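Colleague: Spelled out from the first residue to the last, the chains are:
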Amino acid sequence: MKLDDSGQLSLDFLIGFTIFLVAFIIVITMTSGLIVSLMSKTIDYDAVAYRTGVILVEDPGIGILGERLDENIVTKWEDITTTFWADDIYRAGLAATNDLIKKKYPGILSQEKISRLVELNSITKNEFVHEKVLFDKPVHQGGASLYSYRYYITLKSIGDGGVLEELGESEHPYNTGYIKRVVKINLTYKTPIDVYSQTQPGTGSYIVSLNLSDQSLYSLYQPDPWNEGVYIVLSNVTPAMQANFSNVSFYQYADPPVLINGSVPNSTKPYDNKIEVNLDPDFFDGIIEQGYNYYFKFNFTPDTTVGGSTKYAAFLPAILEVYIW
Amino acid sequence: MVDNIGQLYTIEGVAAAILMIFTTYLVLTTTTIMTPADTHVIDMQLEQLGNDALAMMDVIDPGDTSSPLENYVMDWISGGNLDEFKEMFDDYVNSNFEGKDIRPISFNAYIIYRNNTSGDVIKENFKSGFLEPDRSRSARPVSVTRWVHLTKPPLTKPPLPDFDSRPQSVLLEVILWRD
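Sequence order for the protein chains is A and B.
For the first sequence, the numbering used here assigns the number 325 to the last residue and increments by one with no breaks.
For the second sequence, the numbering used here assigns the number 504 to the last residue and increments by one with no breaks.
Since the hints were made in silico from the structure, they are not lab data.
The model shown is predicted, which means the values in this text are computed figures rather than measured ones.
Check before you lean on any hint, since a few could be wrong.
Said to hold, decoys possible - Facing chain B, a subset of chain A residues (Cβ under 8 angstroms, in silico):
1) D12
2) I15
3) F17
4) F20
5) T31
6) I108
7) P138
8) I158
9) L316
We treat Cβ as the ideally placed atom computed from N, Cα and C, and that holds for glycine.
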């Protein structure tokens, strides 16, 4: 019998091939990471998150009453309370503006719009944001609406990190489309006023002006009593001053001043040393007009030394975060 | 009969391995593939955040006549420190930390203005207390800018060389990165 080693693997070949194979595997593992990030899904989610952030932060939104766009009955979306509000509201942006079309104040959000958005979203069980902010058209399946995206939107105050509002599902996966925006919230027109005694001779009254004629102010900073009401706080009011406080009357600036309301609703807070006037928009219906100036007069009897300065509430800095998946 | 034609030797395996690994190493280190997912979006998010923070710092609060940003820049060019600017900017970009942001954002600021004597545009870095991006690490700085309109001339003589004492606009540049 003749021994022959054809068809036999030599040890040399085995070692060489093993080294080659190991190297080949290393190369594959090195290069595979190159293309994994080209996966397009997260890019899409990030784009939707960005778009949603822009609509919420930079757009005042729009509502159109009536059937056709060319009828031009453009109105603030948050004011729409018709039965067909779902059709009449086109976009639900949150940017504060007194101007309907011009996007003058990107980044400054209206508290009124935020509240309305939260309200409508809770009525519609999270569908409102899908339809009017994400523009996510649902697929209807057996009575249920299926959306392409899921969302979680939060608004947190910067100072203490407290959650102001949240929309959507708080349980979200780790990898989502994401955008974070810094915003400021325009709270309702609040006028906290500190009153210090002995700063000026007693006049028996303290006057807070409501100027609706100053067109030089940015429209954002103009009081809007028709929509936001008026809230005035006199703080640092001593118990003695509180005892002398009688009522608040409302005048129009003129010569002589025109009395509009002799005693507007008010309340005293003995423990906080405060006198408050908190008026709803309804109060101002039909009694005031743009272009005129008005004032509130806090009356004290007998004469009490009051004085002070008017301070306005600053915008509230906040963080808006959008998660999309 | 045994012969060696078509036979792979150990030495050839080693050569092939070295060749492959070295080539891959070269390709990986010399080419930067800018995939939108891993760089562009993160840069965009950082840039958006920086722009937002500057824009919101430049909002005039009701009852005020100038924005916090204008006040800080005025302090700054009048020789004051930038602690308040740093604190506010840090608050704005680094708040709500437990979100998707893993690392805090560091930043540095520059001011770009016109030299009154030469007419040149000068970029001045206010180094005191600011960090510098560590280029050896994964820091990828992005730059955001904002024109800050100074409505009043600086009160004292500015420490900046030939800064004109008049109302003007200066460009504020902030570099942001994650360490």
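Colleague: All hints are to be evaluated individually against the structure, with a verdict given for each.
Modeller: Outcome of the hint check:
1. D12: At about 5 angstroms, which falls below the 8 angstroms cut-off, the nearest Cβ of chain B leaves the hint on D12(A) intact, so it holds.
2. I15: Where the cut-off is 8 angstroms and the nearest Cβ of chain B is about 4 angstroms from I15(A), the hint holds.
3. F17: holds, 6 angstroms
4. F20: Holds: closest Cβ of chain B sits about 4 angstroms from F20(A), inside 8 angstroms.
5. T31: T31(A) check passes; min Cβ-Cβ to chain B is 6 angstroms, inside 8 angstroms.
6. I108: Holds, because the Cβ-Cβ distance from I108(A) to chain B comes to roughly 7 angstroms (cut-off 8 angstroms).
7. P138: violated, 27 angstroms
8. I158: holds, 5 angstroms
9. L316: At 10 angstroms from the nearest chain B Cβ, L316(A) fails the 8 angstroms test, so the hint is violated.
Comparing the model with each numbered hint stated earlier shows that hints 7 and 9 do not hold.
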